[in-house]
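In my numbering, the protein residues as written are 6 to 370.
Take these hints with a grain of salt, some might be off.
[What the hints assert, rightly or not] Calculated lysine-lysine pairs in the DSSO-like style (CA-CA distance at most 30 Å, straight line): (1) K266 x K147; (2) K316 x K89; (3) K89 x K147; (4) K91 x K316; (5) K316 x K271; (6) K266 x K316; (7) K316 x K147; (8) K91 x K147.
[To be verified] Just the calculated beta-carbon pair ranges, DEER-fashion: (9) E171 x Q321: 34 to 42 Å; (10) E318 x Q198: 37 to 45 Å; (11) F293 x H66: 34 to 42 Å; (12) R72 x M167: 52 to 60 Å; (13) G166 x L47: 51 to 59 Å; (14) Q39 x A73: 32 to 40 Å; (15) Q71 x N31: 21 to 29 Å; (16) P173 x T112: 42 to 50 Å.
Derived by calculation from the structure, the hints in this document are not laboratory data.
These figures come from a predicted structure and were not determined experimentally.
We put the beta carbon where it would ideally sit given N, CA and C, even for glycine.
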Amino acid sequence: MPGISPPPVRQMIREAAEALAAPFSNAEAVHWVQSRYPRTNLGTTQAQLAICTVNQPARVHYPENQRARVANDPRYDFLFRVSKGKRERYEPDQHGTWRIARDVGGTLIVCCDGDTPPVVEPPTGLGVVLVRSQIEAANRLKERCHGWSGSEQGFDRLHTGMPGFELPVALIKAAAVNDLYFTNVYAIWRMGQHLADVAGRLPDDPVQAVAEIASLRHGEGKSGPTHWSFASKIAHFFVDPDRFPIYDSYCAAMVAWHLGKGECDKDPSNPYRAFKTNIDRLRERCGFELTYRELDRYLWLAGQYRERRSKGESAQINTELRTLFEDPSRDVQTDLAALLPPGPQLWPDHISATESGHASMTRMS
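Based on the sequences and whatever the hints tell you, model everything.
Set out below in structure tokens:
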């Protein structure tokens with residue numbers, strides 16, 4: 006009717022959500038709006054879909070949602086994302102009470118029922134207790150990551166079916182680890198030869214053995230980059246998983262977070278030495294049986310989850326894990342809440358660096 010202005014775009018989307026059968030796709034909602042309000046800007050429509058979805062991580066980047074609050078504003082909190090590209094009407098009794106909160110770095114995040122509160126950093130020098138329920142949550146979440154699970158299973162079968170490090174086998178193992186774990190070994194043929202050469206004379210000490218694998222030399226004996234992460238994965242999957250923990254930046258950072266700044270070794274000349282000392286310290290302090298494989302799953306997953314919650318969409322994390330973290334299903338969100346529970350729960354005061362025989366060190370980088 007002439008002279009009557011169209012409603013706000015968010016209201017158009019609410020009308021679409023009431024009219025369409027649930028769950029409806031983004032495309033269906035956009036088509037519904039465009040067919041009834043043809044002059045509506047497409048980009049605005051798509052943006053409002055994110056703004057009005059209570060469990061959409063990207064909603065916090067829009068002005069309407071740039072403050073901490075419970076998602077109970079009928080203007081902006083009426084959609085729920087059930088899967089990628091699919092939404093339905095938000096019902097707190099069914100979906101839980103969602104809210105916008107701030108994490109430890111002050112970044113806005115979405116969370117549900119207090120299950121995924123902002124991660125609180127421990128005070129300087131104090132660490133955060135690691136409990137069995139976090140390990141169990143990580144194992145359940147890992148089973149949802151078929152690429153990750155398949156890689157582990159493939160390595161285990163390769164270890165059993167092709168034992169040893171004769172040159173053809175060494176090349177296959179080196180290429181598999183480098184390709185599936187992105188360990189940035191560019192001279193893979195030379196690394197395979199190096200692995201075949203050193204495998205028969207690896208030291209018994211795990212730290213020295215990893216250092217031997219990691220130190221790839223170029224022509225004329227010139228030193229090249231030291232591939233610590235690659236070497237630790239080769240040793241873990243193809244030598245002995247019970248002697249060699251997997252080293253990478255996320256695992257190292259999570260170990261430091263749990264132990265606290267005052268009880269982490271640092272060794273720039275051999276970061277694996279410091280990492281193994283620190284991870285063994287964490288295992289001892291936990292007070293329950295924990296394999297390196299179980300601990301690696303937790304550390305890698307939780308480390309990237311902390312990164313995602315801290316930096317939001319800009320976090321540079323594994324693609325498969327990013328999809329997992331954005332899964333709105335109740336089971337996944339419950340396990341993510343258990344992965345990094347409210348806290349921090351600090352280690353008991355009586356467990357000090359002096360009493361445990363550890364010198365006070367700075368946190369690993």
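Here is how each hint holds up against the structure:
For a cut-off of 30 Å, the pair hint linking K266 to K147 stands: about 28 Å separates their Cα positions. The suggested pairing of K316 with K89 holds, with an alpha-carbon distance near 21 Å, which does not exceed 30 Å. Taken as a hint, the K89 and K147 pair is honoured in the structure, with Cα atoms around 20 Å apart against an allowance of 30 Å. As the CA atoms of K91 and K316 are separated by approximately 25 Å, the hinted pair is consistent with the 30 Å bound.
For the hint pairing K316 with K271, the CA-to-CA distance comes to about 26 Å; that is within 30 Å, so the pair holds. Between the alpha carbons of K266 and K316 the distance comes to roughly 22 Å, so the proposed pair stays at or under 30 Å and holds. Simply put, K316 and K147 have alpha-carbon atoms about 22 Å apart, close enough for the 30 Å limit, and the pair holds. Note on K91 and K147: the hinted pairing holds, with a Cα-Cα distance of about 24 Å set against a maximum of 30 Å.
At roughly 37 Å, the beta carbons of E171 and Q321 sit within the given window of 34 to 42 Å. Judged by the Cβ atoms, the range 37 to 45 Å given for E318 and Q198 holds: they are separated by roughly 42 Å. Look at F293 against H66: about 40 Å separates their beta carbons, and that is inside 34 to 42 Å. A beta carbon spacing of about 57 Å between R72 and M167 agrees with the range 52 to 60 Å that was offered as a hint.
Here the CB-CB span from G166 to L47 is close to 53 Å, well matched to the stated 51 to 59 Å. Hint check: Q39 to A73, Cβ distance near 34 Å, so the stated range 32 to 40 Å holds. The hinted window of 21 to 29 Å between Q71 and N31 holds, with their beta carbons roughly 23 Å apart. Taken as a hint, the range 42 to 50 Å holds for the pair P173 and T112, whose Cβ atoms sit roughly 49 Å apart.
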